[in-house]
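Line by line, the protein sequences give chains A and B.
Residue 103 in the working numbering sits at position 103 of the first sequence, with consecutive numbering throughout.
Residue 32 in the working numbering sits at position 32 of the second sequence, with consecutive numbering throughout.
Worth flagging that the hints you see were computed from the coordinates, not collected in a lab.
Some hints could be false.
Partial selection, computed: residues in chain B whose CB lies under 10 Å from chain A [stated by the list, open to error]:
#1 Glu1
#2 Ala2
#3 Asn7
#4 Met27
#5 Asn28
#6 Gln37
#7 Arg44
#8 Cys91
#9 Ala92
#10 Asn102
Only pairs whose alpha carbons sit at most 25 Å apart, straight line, appear in this in silico SDA-like list of lysine to any residue [as the list claims (entries may be wrong)]:
#11 B:Lys57 to A:Gln45
#12 A:Lys49 to B:Lys65
#13 A:Lys105 to B:Gly63
#14 B:Lys57 to A:Lys77
#15 A:Lys22 to B:Lys57
#16 A:Lys77 to A:Gln38
#17 A:Lys22 to B:Thr113
#18 A:Lys105 to B:Asp59
#19 A:Lys49 to B:Lys57
#20 A:Lys58 to B:Thr113
#21 A:Lys105 to B:Thr113
#22 A:Lys58 to B:Leu95
#23 A:Lys58 to A:Leu110
#24 A:Lys69 to B:Glu103
#25 B:Lys57 to A:Ser3
#26 A:Lys105 to B:Glu70
#27 A:Lys58 to B:Gly63
#28 A:Lys58 to B:Gln3
#29 B:Lys65 to A:Thr94
#30 A:Lys105 to B:Pro39
Which stretches of chain A does chain B cover? Using the computed rule of at least three CB atoms under 8 Å from a CB of chain B, they are [what the hints assert, rightly or not]:
#31 45 to 55
#32 72 to 81
Cβ atoms here follow ideal geometry from the backbone N, Cα and C, with glycine treated the same way.
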Amino acid sequence: AQSVAQPEDQVNVAEGNPLTVKCTYSVSGNPYLFWYVQYPNRGLQFLLKYITGDNLVKGSYGFEAEFNKSQTSFHLKKPSALVSDSALYFCAGTALSGYALNFGKGTSLLVTP
Amino acid sequence: EAQVTQNPRYLITVTGKKLTVTCSQNMNHEYMSWYRQDPGLGLRQIYYSMNVEVTDKGDVPEGYKVSRKEKRNFPLILESPSPNQTSLYFCASSLYQAGGYNEQFFGPGTRLTVL
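Please build the complete structure, drawing on both the sequences and the hints.
Dropping the structure here:
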């Protein structure tokens, strides 16, 4: 069985500080991993994905994520948070041979001025 | 404009009254999927479709039906809705390439309340 976990329900960070939103995965074989963001009353928007290759993946809005196979993690990062980054963030994953995408429960990010 | 559309956006109904939520995409995507979003549970996949006439169950398929007769449409059918199906529903689509997997484009959501 494959699964994705986001251990933090909420992350609070001050504007201008670096942010990290954590994600761990349990996927048999090589994983495809994604980050999505959901703003209030909106659908999910794609941020970035890891398929193969470089462990550091760059995405939209200045976000990046680091794939760590030994720790089975795919944490989302941004060097300097903005108030407008406040939203609900979802990590998602699937196995190379699979088609069903599993989402984490989401992490609410609050960036305060 | 490339998009996934869902209708209706909001629906209040009563237990047992059959309903259909439509989903349509204009990007010629092979893959389409339905999710439900519940507080504290994140998104859970209901059904997905790899292409026309090819569908499969996700994590929570009970009480739902889907069909994929045309590439652009993927309706979600609740034959006999129950209150535990009150949720926010999202349709999504993506390109599917053999050996690959692409980001999904999400619709705006349908908020369903079953009384």
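Hints, verified against the model:
1. Glu1: violated (14 Å)
2. Ala2: With Cβ-Cβ at 12 Å, over 10 Å, it is violated.
3. Asn7: The hint is violated - Asn7 of chain B has no Cβ within 10 Å of chain A, the shortest such distance being about 14 Å.
4. Met27: Violated - the Cβ of Met27 of chain B stays beyond 10 Å from chain A, reaching only about 13 Å at its closest.
5. Asn28: violated (18 Å)
6. Gln37: holds (8 Å)
7. Arg44: Hint on Arg44 of chain B: holds, closest Cβ of chain A at ~7 Å, below 10 Å.
8. Cys91: holds (9 Å)
9. Ala92: holds (8 Å)
10. Asn102: holds (8 Å)
11. B:Lys57 to A:Gln45: The hint holds at about 23 Å.
12. A:Lys49 to B:Lys65: The hint is violated at about 30 Å.
13. A:Lys105 to B:Gly63: holds (22 Å)
14. B:Lys57 to A:Lys77: violated (33 Å)
15. A:Lys22 to B:Lys57: violated (28 Å)
16. A:Lys77 to A:Gln38: Distance of about 16 Å is within 25 Å: holds.
17. A:Lys22 to B:Thr113: violated (32 Å)
18. A:Lys105 to B:Asp59: holds (14 Å)
19. A:Lys49 to B:Lys57: At roughly 24 Å apart (the allowed maximum being 25 Å), Lys57 of chain B and Lys49 of chain A satisfy the hint.
20. A:Lys58 to B:Thr113: Outside the cut-off at roughly 39 Å; violated.
21. A:Lys105 to B:Thr113: holds (21 Å)
22. A:Lys58 to B:Leu95: holds (21 Å)
23. A:Lys58 to A:Leu110: holds (21 Å)
24. A:Lys69 to B:Glu103: holds (21 Å)
25. B:Lys57 to A:Ser3: Holds. Lys57 of chain B to Ser3 of chain A sits at ~16 Å (cutoff 25 Å).
26. A:Lys105 to B:Glu70: Given pair Lys105 of chain A, Glu70 of chain B is violated - Cα atoms ~32 Å apart, limit 25 Å.
27. A:Lys58 to B:Gly63: violated (39 Å)
28. A:Lys58 to B:Gln3: holds (24 Å)
29. B:Lys65 to A:Thr94: holds (23 Å)
30. A:Lys105 to B:Pro39: holds (8 Å)
31. 45 to 55: holds (count 4)
32. 72 to 81: Answer violated; 0 residues pass the 8 Å Cβ test.
The structure fails to meet hints 1, 2, 3, 4, 5, 12, 14, 15, 17, 20, 26, 27 and 32 from the earlier list, while all remaining hints are met.
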